[in-house]
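Colleague: Chain by chain, the residues run as shown.
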Amino acid sequence: MVSILLLSACGGSGDEQPTPTPEPPVVTYPDFTDITASGGDTTTYDAGNSGHGFSTPAPNLSEGDLALHLEGDANFEISFTTAPNIEHPELDGLGPVFNNADCNSCHQRDGRNSTPFLSADQTRVKLGSDAGIFLRISKAADVECTQGNAANNYCAPIPVPDFGGQLFHRGVLKARADWQENAFGGQADVYLSYERTTVTYDDGTSVELKKPIFEVENPYDAPGETKQSTNITSNLLQDDVLMGWRNGMPVFGLGLLEAIPEAAILALADADDSNGDGISGRPNWVFDAIKDRNGDDNPVSLGRFGWKANTPSVRVQSLGALRGDIGITNPLFPDESVAGTSLHDSYLTRTGFVDTGEDENGEPEVDQALSDAVVFYAETLAVPARRNVDDSDVREGARLFASINCSGCHTPSFTTKTSGDIGGSDIIDSLKGQVIYPFTDMLLHDMGDDLADGRPDFLANGNEWRTRPLWGLGLTQTVNPQAGFLHDGRAATVEEAILWHGGEAQNSQEAFMALSKTERDQLVSFLMSL
Amino acid sequence: MNFKYTAIALTLMGTLTACGGSGSDDSSTPDPVVPETGFSFAATEMVTNLTNDVIVAGYADLAAQGDALLLATQALVNSTSQADLTAAQEAWKAARKPWEQGESHIFGPVDSLSIDPHLDSWPLNTTDLQTQLDNNTGFDAETIKSWNDDVQGFHTMEYLLFGDGVADNNKSISDLTTAEREYVIALAEVFRDYAKQLDDAWQISHNPQDANALPYADLLTSPGSDNNTVYSSELAVIEELINGMIGIVDEVGNGKIADPFGDSLANADTSKVESQYSWNSLTDFADNIQGVRNVYHGEFTGSADKQGIIDFVAAADSTLSVRISSEIDDAILKIQAIAGNDDMPFRQAILDEAGRTRVEIAVTALTTLQTSLESDVIPLLSEWNPQ
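Residue numbers (this note's numbering), protein chains in the order written: chain E, 1 to 530; chain A, 1001 to 1387.
The reader is advised that the hints may include incorrect statements.
Distance ranges between label pairs, derived from CB positions [to be verified]:
id	chain 1	residue 1	chain 2	residue 2	range
1	E	Asp121	A	Val1166	36 to 46 angstroms
2	A	Thr1178	E	Asp367	24 to 34 angstroms
3	E	Gln122	A	Gln1130	29 to 39 angstroms
4	A	Thr1137	E	Asp121	24 to 34 angstroms
5	E	Asp34	A	Val1322	34 to 44 angstroms
6	E	Ala269	A	Gly1038	40 to 50 angstroms
7	A	Asn1136	E	Asn405	56 to 66 angstroms
8	A	Ser1174	E	Gln238	53 to 63 angstroms
Here are the simulated DSBU-like cross-link-like pairs (lysine-lysine), alpha carbons at most 35 angstroms apart as the crow flies [stated by the list, open to error]:
id	chain 1	residue 1	chain 2	residue 2
9	A	Lys1196	E	Lys139
10	E	Lys211	A	Lys1196
11	E	Lys210	E	Lys139
12	A	Lys1145	E	Lys126
13	A	Lys1097	E	Lys126
14	A	Lys1272	E	Lys126
Think of the hints as simulated: they come from the structure by calculation, not from any bench.
A virtual CB, placed ideally from N, CA and C, is assigned to each residue, including glycine.
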């Protein structure tokens, strides 16, 4: 539009004969270039530039739905406490071991958590309440699990004996038997340091990358032991224990992702790379606690959430985190995740059975109403509108995004379904039939050895990760200036995140590195507009 | 929508100007008539002033009060003087003031560095606190930093300095145990360190891992610059500031006051009252809205007039700008009036019929203010033509 105005306004202005102007080359921009409504009718414009960009209810909620959303919002910020809490029994049940005491700590302002930092005089830092990151842990399997069934627990990760499937680095005061020396300690202490490398472009520009190195020490079953100890006795420090780091993710737009028709996702799968483009997306098929509760003979669903698409729905993800990350049992997950471990048994005995995963009435620590509201909240947060779509650099960046095939995995658009269910309940009206632009294919991809955690999760192998949605990407550090990108927060910028891409994304990464500095900046400008 | 329409119109105007002089009769060609939409306001001075004179100055004050609080608590170590305890209580209240006023702009490092939960976690965990007091001596700040947030920060110090607040807020120095003295001194040191870290994040580097990272203040005052991944435009900064004001008005009216107030006297719950041990709740609430006033006017009360959000609003609607100012002042007065003639603390007022009436009047004033900010001020963002 602006170009046309320029040419019209300036043409024929003098007496001399107009010089024929060569036709400018025709530039075709992808369909998504000018889109602002990333979440369809759930898109927010009022707060879409500020730190509130991820925290706004979908604007198309009915009055009743908005009330439920706001109830969930309040619950999302509850800071749970040690049991018993005489004044507020509805808030107690924390842990006894946990990663954080409330949802907000790992999803700050509904976005990413802060990446733990080392001050100038530190070589490593012990993770505490600041860290919205935790370890998934499991035992290595003897053989690769490729077809899930009841006998192999649907290829679920194998728990570490006496620990489970998630490492809890924090605890209530008396969680550990040695609590007087390790007050508020969890199953083990976790330390973070960084390994730094430099990537240099052909034009001489360089970027420093930092890879997080995590060390686990002082496990509760062998206090003081480290990986360097002789005669290691701890179950956690055995060589066949696999560990994978997980950052908290943004929680907006999740209901829309769950409302993408399964067939639309599976149509993008190309496990054997039959089209020869070097990209071979695979679905993850995972255990579904809701189907299991409902007596389904084959309680397996398409994995959609989590860094390896290891959970099928917002409901399973949210209530699993409530029980797992915070230690708050709920109707879907009524047992403590550490139930049956010697840590839990010892804790119960030492404290007179004050926290058994039940409230004073023998029910889970939070009830169905609170659970439903929290899930609804995560399903109905608005998607922030895109910004600066008229900017010429942003438009050119959109073209480059497509031309170097970032869109090969970051699929721009879907239309959500108009009927059916999400998480076992009827789909919410506001989510129906929306044309959305999440920029993800929801599938697993090998991202190369540098990003690999080496830990299988259902059908995802140790190199595979689910394609991250890119909507809201440019607001990440507006919402939380200390937020990092990728599964462990290692990338401080979008550019660093691109440079970490390998495996199936290697071609696109190399194409990015071959761009000029101006073009690289344009591509980043497009990503920051999302 | 108005903003986008105007931007295109301005582009057209610029295009024609750039081509001026190309024709034979340009001097007689009138400027095109462009329909005016929205309002114009040059925001740079306002943003710079609010950043430096309100936000940064407020956190610098908090850091200074942290130093003073540590000194005041250290004086308690072997003291038998009630005056020393009173001085420590006053130092706690003095530190509380810039913190509560700062809640009107609770974004950036206070959030991302987890300083908010470290300093102001609520409710505290009295069970774990007592266990630690019974089982430890010689508390040190670095160890306490590794403990859970619900046994450190403002409210733990408050509990130790003022007592449980049920019958009064006048703890006797003779009731302050040796362990409590050691613990509160260590907590004050923790507080001092975090307040300093917050001040540094605004003035030196917003990322403690990266000395080359910009001060957070610079991120607000240089939106859209190449290395600013936080704020893309002045619009984003102003949106942040206004939403910050709305956030605390909402929290005071619908959280801090409404939660303990309950839907009836029978359902009032004093255990939910913040700052209940010191009986400082009403001062907290008033300071929260005073913080809104600081951002709105662009200066602390009594300072020279500088640009604030009021000037942005006035550029669009001078009547509205004055009305908002009145509504802020009214909300502060109505909160302060909850105390009544007998200076009733908030935790007693919600259990008193007349007190509850005064609380309802204050909540109405806060609701009025919140509605105006949401319905009348936020829409101005889309009508603004930056200059």
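Colleague: Now look at each hint and say whether the structure bears it out.
Modeller: To see whether the hints hold, each was checked on the structure:
no., hint, result
1, Asp121(E) - Val1166(A): 36 to 46 angstroms, "44 angstroms, holds"
2, Thr1178(A) - Asp367(E): 24 to 34 angstroms, "44 angstroms, violated"
3, Gln122(E) - Gln1130(A): 29 to 39 angstroms, "33 angstroms, holds"
4, Thr1137(A) - Asp121(E): 24 to 34 angstroms, "28 angstroms, holds"
5, Asp34(E) - Val1322(A): 34 to 44 angstroms, "41 angstroms, holds"
6, Ala269(E) - Gly1038(A): 40 to 50 angstroms, "48 angstroms, holds"
7, Asn1136(A) - Asn405(E): 56 to 66 angstroms, "60 angstroms, holds"
8, Ser1174(A) - Gln238(E): 53 to 63 angstroms, "55 angstroms, holds"
9, Lys1196(A) - Lys139(E), "44 angstroms, violated"
10, Lys211(E) - Lys1196(A), "29 angstroms, holds"
11, Lys210(E) - Lys139(E), "27 angstroms, holds"
12, Lys1145(A) - Lys126(E), "11 angstroms, holds"
13, Lys1097(A) - Lys126(E), "32 angstroms, holds"
14, Lys1272(A) - Lys126(E), "33 angstroms, holds"
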